[in-house]
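Q: Produce the entire structure from the sequences given, and follow the hints as far as they go.
As you go down the protein sequences, you meet chains A and B in turn.
Numbers 5 to 186, taken from our numbering, label the letters of the first sequence in order.
Numbers 5 to 186, taken from our numbering, label the letters of the second sequence in order.
It is possible that part of the hints are untrue.
Since the list gives no way to pick one copy over another, a pair counts as held whenever it fits inside one copy or between any two copies.
[Unchecked claim] Listed next, the in silico DMTMM-like pairs over lysine to aspartate or glutamate satisfying Cα-Cα at most 20 Å (straight line):
hint	residue 1	residue 2
1	LYS14	GLU176
2	LYS182	GLU172
3	LYS14	GLU87
4	LYS153	GLU11
5	LYS182	GLU155
6	LYS181	GLU161
7	LYS162	GLU176
8	LYS148	GLU105
9	LYS14	GLU117
Honestly, the hints are just simulated from the structure, not real lab data.
2 protein chains.
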Amino acid sequence: MELEGKEYPKLLVRPVVVITTISERGIPNAAPFSANSLVSFEPPLYGFSCSPAHDTWKNIRENGEFVVNIAGKDLGELMHVLETDYPYEDNEIEHAGLREENAKAVNPPRIKEAIAWIECKLEKYVELGDHIWITGRALAAGVKDGFWKEEGVLDVEKARPLCHIAREFFVEDMKEKKYKRA
Amino acid sequence: MELEGKEYPKLLVRPVVVITTISERGIPNAAPFSANSLVSFEPPLYGFSCSPAHDTWKNIRENGEFVVNIAGKDLGELMHVLETDYPYEDNEIEHAGLREENAKAVNPPRIKEAIAWIECKLEKYVELGDHIWITGRALAAGVKDGFWKEEGVLDVEKARPLCHIAREFFVEDMKEKKYKRA
Chain A
5 MELEGKEYPK LLVRPVVVIT TISERGIPNA APFSANSLVS FEPPLYGFSC
55 SPAHDTWKNI RENGEFVVNI AGKDLGELMH VLETDYPYED NEIEHAGLRE
105 ENAKAVNPPR IKEAIAWIEC KLEKYVELGD HIWITGRALA AGVKDGFWKE
155 EGVLDVEKAR PLCHIAREFF VEDMKEKKYK RA
Chain B
5 MELEGKEYPK LLVRPVVVIT TISERGIPNA APFSANSLVS FEPPLYGFSC
55 SPAHDTWKNI RENGEFVVNI AGKDLGELMH VLETDYPYED NEIEHAGLRE
105 ENAKAVNPPR IKEAIAWIEC KLEKYVELGD HIWITGRALA AGVKDGFWKE
155 EGVLDVEKAR PLCHIAREFF VEDMKEKKYK RA
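A: Right, here's the structure in full:
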């Protein structure tokens with residue numbers, strides 16, 4: 005079945021993250037994103053696509069730091085709060101009833117309820133279409149206790165990562181499977 | 005639990021795609037990628053991260069076209085064949101026993117066994133760390149008959165998209181859930 009090119013995002017299962025930043029005065033901002041990817045291994049670069057008008061971009065331009073909080077299914081119910089366009093410096097973490105934790109390598113806080121986190125320093129950004137592709141160097145990362153398997157891999161069946169496909173449609177409760185690699 | 009920054013990719017559930025390109029002489033190449041993302045809505049830009057030494061990049065530089073074939077769980081068993089480093093112009097689609105279909109808007113073929121596809125024309129590329137972030141404009145897209153729901157969304161429970169987390173660990177068999185949006 006043919007689709008228009010502009011409908012292509014609905015074909016990708018995209019991991020939901022909540023990105024935390026701080027304003028010049030140190031007030032936290034949190035916003036969900038699903039247009040994001042692994043970018044480079046060495047150095048370890050993470051990238052996400054952000055509207056130029058977004059408070060997240062305003063804060064990153066100011067101090068060059070952000071934390072990527074990986075959302076589990078528990079955060080699904082809070083998406084509508086986290087993505088509400090509150091006034092600048094109105095703290096979405098508090099609106100959503102989530103708790104802040106100090107990050108280790110950067111100043112913005114991480115979200116305690118996330119299943120994992122990546123602490124990033126802005127590396128490079130590029131305008132691509134109507135968004136800015138922002139890449140950050142992963143200075144530190146972590147995973148909630150109990151969600152990391154002995155084999156050195158996220159326990160998806162316990163952690164229950166949340167992914168997005170389109171509008172109100174998300175995916176969750178996925179199964180792990182091993183496949184042979186080259 | 006703390007992790008090193010370089011381990012961060014293992015925290016992201018990344019959609020697996022097989023990207024098809026053609027050489028100057030028209031011989032197809034197919035290779036799996038999971039570092040990929042939605043980049044822009046208008047124009048509709050798709051992006052993925054590719055090693056500069058990869059045949060996929062060689063072909064895209066030559067003719068500026070590629071097809072993103074979204075992998076379902078059936079392609080999991082073929083990952084080790086698709087990612088094998090065969091000599092240039094050795095067709096991985098044939099090695100994997102998959103079938104080629106003509107794309108509508110670009111010259112590289114798409115893979116009949118994929119659950120969906122995005123036909124792209126190179127828009128812009130940028131070196132980011134040890135990879136090249138390649139973005140393409142989605143000229144056309146499509147989904148296998150039966151895998152698209154009335155509501156205009158991929159039927160993940162039928163299509164069974166394949167995602168990657170680390171090494172031989174993949175995820176599949178996910179459930180759909182609706183959440184309220186802002």
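Q: The structure should be examined with respect to each hint, and the outcome stated for every one.
A: Against the structure, the hints:
When the C-alpha separation of LYS14 and GLU176 is checked against a cutoff of 20 Å, the pair qualifies both within a copy, at 16 Å, and between copies, at 17 Å. Proximity of LYS182 and GLU172 under a CA criterion of 20 Å is satisfied inter-copy only: 5 Å between copies versus 30 Å inside one chain copy. Proximity of LYS14 to GLU87 under the C-alpha cut-off of 20 Å is restricted to the intra-copy arrangement: shortest distance 19 Å within a copy versus 25 Å between copies. In the homo-oligomer, the alpha carbons of LYS153 and GLU11 lie at most 20 Å apart only across protomers (14 Å), although the nearest pairing inside one protomer, at 36 Å, exceeds that limit.
Taking the shortest Cα distances, LYS182 and GLU155 sit within 20 Å of each other inside one copy (12 Å), while across copies they are farther apart (32 Å). Taking identical chains as interchangeable, the C-alpha atoms of LYS181 and GLU161 lie at most 20 Å apart whether they share a chain (11 Å) or sit on different chains (16 Å). In this assembly of identical chains, LYS162 and GLU176 lie within 20 Å of each other by CA distance both inside one copy and across copies; the values are 11 Å within and 14 Å between. Within a single copy, LYS148 and GLU105 get their C-alpha atoms as close as 12 Å, which meets the 20 Å cut-off; across copies the closest is 44 Å, which misses it.
Proximity of LYS14 and GLU117 under a CA criterion of 20 Å is satisfied inter-copy only: 18 Å between copies versus 27 Å inside one chain copy.
This entry satisfies every hint, going by the numbered hints stated previously.
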